[in-house]
Each structure stands twice: as structure tokens, then as C-alpha cells.
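Visitor: Chains P and E, in that order, give the protein sequences.
Residue 178 in the numbering used here is what sits at position 178 of the first sequence, and the numbering runs on without skipping anything.
If you want the numbering used here, it's the position in the second sequence, counting the first as 1, plus 267.
Among the clues, some could well be false.
Said to hold, decoys possible - Distance windows between CB atoms, simulated:
#1 E:R303 <-> P:P213: 33 to 41 Å
#2 E:G333 <-> P:R95: 26 to 34 Å
#3 E:R577 <-> P:R95: 22 to 30 Å
#4 E:G333 <-> P:F15: 54 to 62 Å
#5 P:P42 <-> E:F442: 52 to 60 Å
#6 P:I8 <-> E:L328: 35 to 43 Å
#7 P:P213 <-> E:Y271: 47 to 55 Å
#8 P:F15 <-> E:A397: 19 to 27 Å
#9 E:R331 <-> P:F15: 46 to 54 Å
#10 P:P213 <-> E:L273: 51 to 59 Å
#11 E:R303 <-> P:V163: 56 to 64 Å
#12 P:D33 <-> E:I569: 56 to 64 Å
#13 P:Y100 <-> E:L328: 19 to 27 Å
#14 P:I8 <-> E:L273: 47 to 55 Å
None of these hints come from the bench; they were simulated from the model.
Just so it is clear, the structure is predicted and the values come from calculations on it, not from any experiment.
Cβ atoms here follow ideal geometry from the backbone N, Cα and C, with glycine treated the same way.
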Amino acid sequence: MTRNTNKIEFLLLSFILLFMLFAPFLADQNPRDIAPQKRLQPPSSQHWMGTDEFGRDVFSRTAHGGRTSLLIGLAVISITILVGTSVGALCGWNRSIDPYIMRIFDGWMAFPEIILAISLAAVWGAGQYVIIFAIAFAYTPRMARVARGAVLNVKSRDFVEAVRALGAKDLYALLRHVLPNSLAPVVVQATYMFAAAILAEAALSFLGVGIQPPAPSWGGMISEARDYIPVAPWLVLFPGGAMFIAVLALNLMGDKLQDWLDPYQEG
Amino acid sequence: MGQYVLKRLLAAIPVLAVVAVTAFFITNVTPGDPVRLIVGDFATEAEVAQMRAKLGLDQPLPIRFGLWLQRVVRGDLGTSLFLQMPVTHALVQRLEPTILLALSGQFLGVLLGIPLGTAAAMHHRKLIDAGAIVASLAGISIPSFLMATLLVSVFGVQMGWFPVAGYRSFSEVGFGAVYYLVLPALTLGLMQMAILARMTRSAVLEVLHQDFVRTARAKGVPRTSVMLKHVLRNAAVPIVTVFGLSFAALLGGTWIVESVFAIPGTGSLAVTAILRRDYPVIQGTILFAAGIYVFINLIIDISYAAFDPRLRDR
């Protein structure tokens, strides 16, 4: 691919990030304000993305919903990076605990992620923190796997042997030399997980166990809009399009980071 | 070979044990009191206590786990709180639509995804490759419920080619069942295509860069037979691995696609149970999904021996 595509995803991503940070200021209408006399209006200069079945401003709802999605995604990857990398790195470093923890992760990962997240969110009761916990719980073992593989790989390199020959203590060698050199795959994985977490939150909200209406969320908006598609397609197209672009940008970014950070792998 | 299969089978045991523990604790370590949720706000203390005893929730947690595990091993997943039938019956009743949907979705995904991924790798950095990358990236970036919603509104509502939702079994309407299956299967198929194409592409690319491929080309073996005899055979193990891993997305996908299309399968059974907090059914369906996943990947692990002769001697 050409160098131009390099810029596209950065542009897309920074545009989305800025949009989400500042959109609530641009969208001055309250996302929960109901105006029955203005229901199902097509996009206009007053309502850039039209209005929904309660006359609420779709632009404002898309912007606020996106902000929630983004924050949940960020929280999820922060937890998975922190917990997953620590546990994974320990497993890669200390071979005596490794087989036990890996067997646990194998069983844990036998649950399809989205199924695990939906069930947890359902049983624990919907709420922002529960959603974050549920999605992070589903993705942590996968992150641990990636970190473990990276640590195992770096551990066998010559410079680690050199550091240890120079008398570096175990923990020092791990934290100061091995871990920083193992972070590339973790960063790549985190980017993909960010995208996956946004999709998972949307699926949860779509099914009714995520963000609860009337609070705006992309998944919830699409779920509510399904009955109105023939008369008001903008109700699905705008939140759906926003989500698609956000997730696509993150996935593109993941691909690009992978090519960048892993010069040995062709393709 | 026999030893290899035995080793794989034994390795599945701890995995299944963790699956059981996780499924149990997900539905048993909960904030709030499920009993009060079930009996409602107006129940008397006696009714609460009675329901608690009926569900066995008055026992300490480890004992409950032991009793539960005993029942599960015997194939008893408990009784649904709403359906008035054992969870296993409910699952068996709803198995057919899920199997049909999952198989046709995965079939479409393999049919489209693996050739697409292979073609992309063969024409690395050419137009086909770029097209495949874009298509598969788009596929993994659209959530299944949005894809389903869009397909329904175009081919169901606008064009009116296919039913908007619902399901008819083959025994009921014969070949007409396909008609109901097209849109849901297409939703799943396109998602699986995206995953499979992406992973197949990188698996084939990796093999294409190996020395033996260059050697084969250099000694004058025609391109197609290099592809068929050397590249694809060696890419088979990673591709089969991907096939197994993609089942996780497929099983998760059936939960969502079945609820969007109102298909009476195990996925919509699970989602309905979730919405009304039917704990035994939630537990049963997630255990079922994880069990299927472990089973499929066990079969795939064993099938490696067929693709990779080195494994047979171990």
C-alpha cells in the first residue's frame, strides 16, 4: 500500500477523537430532550442528522453515544493492558506457574467473547461499570496470551542473556529490559481490542443489556430505529456510519501498527 | 497417531473443568438476590425462603457447585424458571435452526473467505489484494446486528425478496426453508468471510516467503502446482486453526443474528433468558456454547495430524 494510506487512518482517527471530545459542545441540543411535534424529521440545517421518533436530535445523540462508546473502549483496553500484560508477562517469565495459568485461560477463552460479555452484563445488571468489567473480563485472557508470547520471544534473545550475565536481578531484568521490548504486540492487540470493545458495547446496548435508554448509545439507537427504517433511514445510517468509521479507523490503525512495529513480518 | 489423539483428549479435560467453574460462578456470584428477582417485589418472606430452598440456593456455594457439577455431568442442566421445562429439552428443541444457520453461515464464509484470502496473498500488493483487504476490513468493522438490519431493510423491506424475519423448518415447508435462511446466513457468512479472508491471507503470505517455495519456482515448477502442492498444503494447518478460532465469532454471531431475525434457535433462547434473568437457561446456554467450541477445536486439533505428518509420529 502507498504511503498515503498511512495518513488516512490517522486523519480518520484523530477526526473521530476530536469529534467525540468536542461534539457535545457543537451539539448544543440535549440528547434526551423530547419534542413530539418535531418527530422523525429528515436532516436539516437545524438538525444535522434529523430527529428520531421522540423528536430528539440525532446528531446530539450520535455524538454523546459515541463519547460513551469511546470512554468504555478506553477503560476496557486500560484494564486488559494492565491485568493482561502483568499476568501474561509473569507467565512468560516464570515457567513454573505458566502451565497452570494457561490452562485456566484456555477454559476461559472457550467462551466466545461476546457471549461471555452479554451474560456477565445481564447477570450483574446493566450499568457503565458493569459493561466495562464484562467486556474487559472477556478480553483479558487474550491479551495475556499475546503478552506471554512476546515475553517468551524476547526472553530468549541474546541481550537478555547479556543483561543477566552482568548480574541483573530477575525482576529488574523483566521490568527494565524484557517487558519494554515486548510491548509492540501488546499495543497492536490493544488497538484491535479497542475496536472490538466498541462493537461489543454496541451489541450489548442493542440487545438491551448495555447502556439503558433514554441515555444515548450507538447500539441502542440502531435497535430503536429498526421499526422506522423505511420512513427514517437516517436513524440507522448516522449512528451506524459513525460506529463503522470509528471501528474501521481503529482496525486500520492496528494493521498499520503491526506493519510498523514488526519489521520482520512481511505483509 | 493414537497417542497424539489421546494426548489431545486428555488436554481437553482441564479446559472443560475451567469452563464448568466459570459458567457456574458467572450465574452464582451476583450482586443482589436472584431469588427476590424471581419471586417479585410483593412476595412474603416465607415465599422467598421457599423459592430459595426450591432452587437449592440455601446451601453454601462450594456445596452448590458440587451438586451442580454432578447434575451437569449426568446431562441435567436444571429447569427453566419461565419455560416450565428442563434446560436440556429447551436446548434440544431449538438446536435445529441454530445448526442450520451456523453451518450455512460458516459454509458461505469458507466458500468466499478462503479463496479471497488466497487470491489476495498470491497477488500481494496488487489490486485484488487491496480489494480483499478493504472488503475484509469493512466486514470486521460492521457489527453483525447492523449488517442484519441493513440486509433486512434492503432485501426484505425495499425489494421484498426475502422474509424480514422468522423461520420455517425443512420438515414443515420443504425447500422453502432456504428462503427464510438466506438473509441470516448471509449476515453470518459475510462476517465469517471477513475473518477467514484476513487470516488466510496472512497464513498464505507467510508460506509464500519460505525458501522451499522459491526453490520450487526456481526449478521450474509451474505456478499453479507450486500453489496447490507446496503453498496451500503448508498453509493448511494455520488455515484450519483459523477455521476453528472463527467458530467463536460464529457462535456469538448466532446469538445476535437469531434475535434480530426472530429465529427460534439456541441463541435467541439465550438472549430471551438474559432479558428475563432466567438463570438456569443462561447458565445452560453459555455452557453449551463453550462446550461446542471446545469440541470443535478438539476435532480440529486432531485433524492436524491429517495435514501434518510430523504430528502422527509423536
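Visitor: With 56 to 64 Å as the target window, see if R303 (chain E) and V163 (chain P) comply at their CB atoms.
Guide: 58 Å Cβ-Cβ, so the 56 to 64 Å window holds.
Visitor: Starting from the range 52 to 60 Å, see whether the pair P42 (chain P) and F442 (chain E) falls in it by beta-carbon distance.
Guide: violated, 42 Å
Visitor: Is it true that the C-beta distance of G333 (chain E) to R95 (chain P) lies inside 26 to 34 Å, as the hint says?
Guide: holds, 33 Å
Visitor: Range first: 47 to 55 Å. Now tell me if the beta carbons of I8 (chain P) and L273 (chain E) are that far apart.
Guide: Cβ of I8 (chain P) to Cβ of L273 (chain E): about 52 Å, so the range 47 to 55 Å holds.
Visitor: Evaluate the given range 56 to 64 Å for the C-beta pair formed by D33 (chain P) and I569 (chain E).
Guide: About 60 Å separates the Cβ atoms of D33 (chain P) and I569 (chain E), which means 56 to 64 Å holds.
Visitor: Range hint 51 to 59 Å: satisfied by the CB atoms of P213 (chain P) and L273 (chain E)?
Guide: The hint (51 to 59 Å, Cβ to Cβ) holds, given that P213 (chain P) and L273 (chain E) are roughly 53 Å apart.
Visitor: Could you say whether the range 35 to 43 Å given as a hint is met by the Cβ separation of I8 (chain P) and L328 (chain E)?
Guide: violated, 53 Å
Visitor: State, for the Cβ atoms of R303 (chain E) and P213 (chain P), whether the hinted interval 33 to 41 Å holds or is violated.
Guide: violated, 25 Å
Visitor: Take the C-beta atom of F15 (chain P) and the C-beta atom of A397 (chain E), compute their distance, and say whether it sits inside 19 to 27 Å.
Guide: Since the Cβ atoms of F15 (chain P) and A397 (chain E) sit about 23 Å apart, the hinted range of 19 to 27 Å holds.
Visitor: Honestly, do G333 (chain E) and F15 (chain P) meet the 54 to 62 Å range at C-beta?
Guide: Roughly 55 Å apart at Cβ, these two residues keep to the hinted range, so it holds.
Visitor: Tell me if the beta carbons of R577 (chain E) and R95 (chain P) are separated by a distance inside 22 to 30 Å.
Guide: holds, 24 Å
Visitor: Mind checking the hinted window 19 to 27 Å against the Cβ distance between Y100 (chain P) and L328 (chain E)?
Guide: Distance hint for Y100 (chain P), L328 (chain E) holds at roughly 22 Å.
Hint check: violations occur at hints 1, 5, 6; the rest are consistent with the structure.
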